[in-house]
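Sequences listed follow chains A and B, in order.
So the first sequence is numbered by the numbering used here: it starts at 1 and just counts up by one.
So the second sequence is numbered by the numbering used here: it starts at 1001 and just counts up by one.
Don't take each hint at face value.
[Unchecked claim] Taking beta-carbon pairs under 10 Å as the criterion, some of the chain B residues facing chain A (in silico): (1) Asp1052; (2) Gln1068; (3) Lys1071; (4) Leu1102; (5) Ser1113; (6) Phe1114; (7) Leu1117; (8) Gly1121; (9) Leu1133; (10) Trp1135; (11) Ser1169; (12) Leu1218.
[Unchecked claim] Computed spacing ranges between beta-carbons, pair by pair: (13) Phe1114(B) to Lys155(A): 37 to 47 Å; (14) Asp146(A) to Arg1128(B): 28 to 38 Å; (15) Asn1182(B) to Gly78(A): 16 to 26 Å; (16) Leu1132(B) to Leu35(A): 37 to 47 Å; (17) Pro1189(B) to Asp37(A): 48 to 58 Å; (18) Asp37(A) to Val1224(B): 18 to 28 Å.
These are calculated hints, taken from the structure and not from any lab test.
The beta-carbon is built from N, C-alpha and C at its ideal position, and this holds for glycine as well.
These are the residues of each chain, in order.
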Amino acid sequence: MSSAERILSRAVNEITPGSIVNLGIGLPTQVIRYLPDDFDVQIHSENGILGAWKQSPPEAMDPFLIDAAGAYVSLREGASLFDSAVSFALIRRARLDLTMIGAFEVDEQGNLANWKIPGKFSPGIGGAMELAQKTPRIVVLTTHTDKHGRPKILKSCRLPLTAKACVSRIVSDLAVMDVTPQGLVVREKLVDISDADLQARTEAELMFAA
Amino acid sequence: MKKNQTLENAIAAIPSGAVVMVGGFGNPGTPFSLINELVRQGQTGLTIIKNDANEPGHGLSRLIENGQVRKLITTHIGLNKGVIELMNQGDLEVAFHPQGMLAEKIRTAGAGSFGFLTDIGIDSQITRPEDLLEWQGQTYKVEMALPAAYALIHAAHADWIGNLVYQGSAINFSPLMAMAANHVIVETPDLGAPGRFKPEHVHTPGAFVDSIVPLESLTSEYGVLEHHVLR
């Protein structure tokens, strides 16, 4: 299993039946493919969809219906479509239950940075700031280290923040970690790795459940 | 009154240096035909307000690549490395807003108001001290309305007096921009006589629309982008 598949197949278990969930650009929008066809969930896409669902086969694909990452989606029974002001009213009024979001950096206080790497790659804020600040539960999906092997899970974010103290849980390709008042607590390991090895790939101090 | 216009005349109303809103989130709702005509006519020094920059070689990206845009007011350009590069080189001024703040600033202008109070991004790098307002013991960020002289809109269906109906996820910023701009130019592949819509199904009332360009058909630009088809 690739690291992306490991993250996605674990991330899908974060979605509880009956919930309203936003999936951010990158890995999170792919979670939709891992949901059982009859799963009771409403997927919100900030470009104006409540009830987005899996991509149709090419002959039934609607070029006027995409998710926030540009991938074509279908609609479930009971879906609704609306403008961007309504879509973000829904976010700011905290009508979502869960947002899964990507990160450049995340830290042990639950701070999130995912919009700006000054002078290099600044994709922009998109919906991230409002989603991170207003969704009751934020789960970050990220590789544990970047492509150069450097930790992405830090003591304190160095990049400009998207939102402060917003993250509840981190699902990486190696482990599931919760942000607690005492720091990051490892809840599960997704690969066979020792505590010391996992800590070595993490800048933040990890606590391991007994 | 019929608001039908030729593509050439509709776009010729826009002078160089104008502030122009452009509907669309990714491909859906992007008025490719209106943008392509703006590229052909060559107005320069434009300030463009659009959710994103489309993808390289498509839509707004063409206008930017052609050097006609001075400033882009947007939310996310992560799918367009070329535009990020122009920004990094200092060849394009880019102002980022949180997406819902951009929508609400446009909606506010469209509602004839001047601003609103929020807490979004209040403790982030995007907020300057002079944006903060103390009011009755609370601290808010002041977001000003964002109007424009022109808006370019794609509607799935329209009638001659400017009533518009959007389709799928192509609604996005279009109804808000149609309210917020002084001169609203619409393209549509399906134009017909008034009475074709149930009145309660109209998304944008005709009074907001100034000119309508009928499209004979939708070119391949409006179709499926192969790299967004999942394998």
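Outcome for the supplied range 37 to 47 Å, where the beta carbon pair is Leu1132(B) and Leu35(A): With Cβ atoms ~42 Å apart, the hint holds.
May I ask you to test the interface hint for Leu1133(B) with respect to chain A, counting a Cβ-Cβ separation under 10 Å as satisfied? Violated: closest Cβ of chain A sits about 18 Å from Leu1133(B), beyond 10 Å.
Within 16 to 26 Å or not, the Cβ separation of Asn1182(B) and Gly78(A)? Between Asn1182(B) and Gly78(A), where Cβ atoms are some 39 Å apart, the hint is violated.
Status of the hint placing Asp1052(B) at chain A (closest C-beta pair under 10 Å): Since the shortest Cβ distance to chain A is 8 Å, the answer is holds.
Can you verify the interface hint for Leu1218(B): is its Cβ closer than 10 Å to any Cβ in chain A? This hint holds: Leu1218(B) lies near chain A, its Cβ roughly 9 Å from the closest one there, short of 10 Å.
Please check whether Phe1114(B) passes as an interface residue: C-beta within 10 Å of a C-beta belonging to chain A. violated, 17 Å
So does Phe1114(B) sit 37 to 47 Å from Lys155(A), Cβ to Cβ? holds, 43 Å
Hold the hint about Ser1113(B) up to the distance rule: shortest CB distance to chain A must be less than 10 Å. Violated - the Cβ of Ser1113(B) stays beyond 10 Å from chain A, reaching only about 13 Å at its closest.
Against the range 48 to 58 Å, how does the distance between the Cβ atoms of Pro1189(B) and Asp37(A) compare: consistent or not? violated, 33 Å
Given the range 18 to 28 Å, decide if the beta-carbon distance of Asp37(A) to Val1224(B) lies inside it. holds, 23 Å
Do the beta carbons of Asp146(A) and Arg1128(B) sit within 28 to 38 Å of each other? holds, 31 Å
Proposed interface contact between Leu1102(B) and chain A, which counts if any beta carbon pair is under 10 Å: Interface hint status for Leu1102(B): holds (8 Å vs cutoff 10 Å).
The structure fails hints 2, 3, 5, 6, 7, 9, 10, 15 and 17 (numbered hints given earlier, in ascending order).
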